[in-house]
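Work out the full structure, taking the sequences as your base and the hints as a guide.
From first to last, the protein sequence lines stand for chains A and B. Residue 73 in this note's numbering sits at position 73 of the first sequence; the count goes up by one each step and never skips. Residue 1167 in this note's numbering sits at position 167 of the second sequence; the count goes up by one each step and never skips.
Careful: at least some of the hints might be erroneous.
[Said to hold, decoys possible] Pairs of lysine to aspartate or glutamate, DMTMM-like flavour, derived with a Cα cap of 25 Å: (1) B:Lys1130 with A:Glu6; (2) A:Lys66 with B:Glu1093; (3) A:Lys66 with B:Asp1145; (4) B:Lys1130 with A:Glu12; (5) A:Lys358 with A:Asp316; (6) A:Lys320 with A:Asp229; (7) A:Lys66 with B:Asp1169.
For the record, the hints were derived by calculation from the structure and aren't laboratory data.
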Amino acid sequence: MLTQREIISTLEMLRNEHLDVRTVTLGVNLLDCAGGGLPQVQRRVAERLLGLAGNLVPVCERIGQKYGIPVVNKRIAVSPLAVVGAALAPAELVELARTLDAVAREVHVDFIGGFTALVEKGLARGDRALIEAIPEALTVTERVCASVNVASTRAGINMDAVLSMGRTVKRAAELTAERDGVACTKLCVFANIPEDIPFMAGAYLGIGEADAVINVGVSGPGVVRKAIDRALQADPAMDLGHLSELIKKTSYRVTRVGELIGREVAENLGIRFGVVDLSLAPTPNVGDSVGEIFQSLGLRAIGVPGTTAALALLNDAVKKGGAFASSRVGGLSGAFIPVSEDVNISAAAAAGHLCLEKLEAITSVCSVGLDMVAIPGDTSAETIAAIIADEMAIGVTNNKTTAARLIPVPGKQAGEHAVFGGLMGQSTIIPVNNGAGENAFIRRGGLIPAPIHSLRN
Amino acid sequence: MSKAILSVLGRDRPGIVAAVSRALCEQSCNIENVSQTMLQNEFAGIFIVSMPNGMGAGELHRGLEARLLPLALTVLTKPCEAGEEACTAKACEPFVITTRGPDRKGLVADISEVIARHGVNITRLQAVFKGGEDPGDNIMIYEVDVPKSVDAQALAADLRDRAAALRLDLIFQHRNIFEALHRI
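Put into structure tokens, the structure is as follows:
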């Protein structure tokens, strides 16, 4: 027998706290689509995707209606195209990206990820071609997302790839200069990239995955924030240990929703259920912000002293609650601090509370990295590469995923405003301190060796 | 052995269940199911009892009235006949319909009419109307069993249309979402 309290609190989460499933992502293995010329690859890829993803959106809508919980985004992640299209030239890979974009449009998914290369130990021919193709591929398409894994705890940091990605980010921004470098919002550089991320822009289907899989990204920053506010209203003296327990319980609820809906979508599509990604994912909507949680915990804004400790508490509690709620946790399962996508974080950056150095610092506890950070357009490719290298080092040494999604906004300086539109949001451009001048370190190339603790056998 | 179903109504106070169950015991009846609730200050209880051989619902009723009327408790008794369950778990899906919105006459009648028109059974209804315009003060919660032969989305669409005409905010959700959110 349901209680009135259970029902009313559920409605509150839905109506006032933005409870939803942030994304259901269909992973599709395209490895057997390789071979032959471009037309054959394009045909096989399109047929495979249309066959498997044709019902994704209607099924998600139907299941969402059944439970009264919206599935906000429906997406596709495919095998790394640097492998599928290893024999193709850069211009041909751009054409393959167009094919993905057309399929995504046809099946009404908002993003398709997997324009991906895994180069942590070295660059193969197909990897070089894909990286070369990224700027144009992200310019001529709307929905294709790219990611490149340049480092891992087992392999170290491929500094040749890091430098190459600095140049790629710069070029992608230049090609979309009239839209504030929007191509860069669809490009992530990773260390220790997981094989089952449902969130964009990092989603791709790992080499070790099955033919198809459904992964789910839960949401819930609004629900967590309101739970904290209610608890502190009832007991203003509540300490952090009790707040952690409260966040844990709230995370449990949010994760259960994701798992319930993900499993049912998978069952309806006849596809195996993969994982729930426990990351708290904000949107540009007020009340759906990770930044607001920091204020509820008592900080003036995200970025002020205490932020790193607060984030450590927050994400530890989210993981503990989520791990209990779901039998299959995966993906990033970390904190997203996407500056432009979260209205509160964006405001903290504009007010000067949140700087690049603080964003890097919080990566060391549980943030996924420098996400959707707009920087001045005159930042050099070498400096961008150096920022990426620093992020990768944190991931490699701490045995965690880190990522950089930087947007050098062409023609704009620190303090000016960049607008990317839609879910990508808008942001004040953050200064890159000490970024000017030559950086010979980053040009040396080679491999920064794996840390000693990678030798675990 | 035959069964009877009886309902007991009266102003709530300590001792009502004790009085009813003692009266049943004295007539050698065995309680099989009981459900009681309180609305505002009023007690309502429903009992299904098995009666000793030879006893009918009429005789039981007279015996209960003699004991309970002096306590200002009203009793209704009727024979309980075995029948098929309205909707077995396999044939139905449990949904919860919740409405919030300003109070006015006829809300329950209007919403339950739509539910009935689709051949859907209400298994539990909670409604609180404190009056006024605050949606949170005026809430109806219907737990319903929707037969698999019924188009749940069509029912939901009809309910939403009726709710909009009544200025109600209506949500139609499978029961499992509440279990997932609140229970281990």
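Cross-check of the supplied hints:
Between the alpha carbons of Lys1130 of chain B and Glu6 of chain A the distance comes to roughly 20 Å, so the proposed pair stays at or under 25 Å and holds. For the proposed pair Lys66 of chain A and Glu1093 of chain B, the alpha carbon gap of about 11 Å is at most 25 Å, so the pair holds. Using a Cα cut-off of 25 Å, the hinted pair Lys66 of chain A and Asp1145 of chain B holds, with the two alpha carbons roughly 14 Å apart. Taking the CA atoms of Lys1130 of chain B and Glu12 of chain A, the gap is near 19 Å; set against the 25 Å cutoff, the hint holds.
The straight-line distance between the Cα atoms of Lys358 of chain A and Asp316 of chain A is roughly 19 Å, inside the 25 Å bound, and the hint therefore holds. Distance check on the hinted pair: Lys320 of chain A and Asp229 of chain A sit about 21 Å apart at the alpha-carbon level, within 25 Å; holds. Using a Cα cut-off of 25 Å, the hinted pair Lys66 of chain A and Asp1169 of chain B holds, with the two alpha carbons roughly 17 Å apart.
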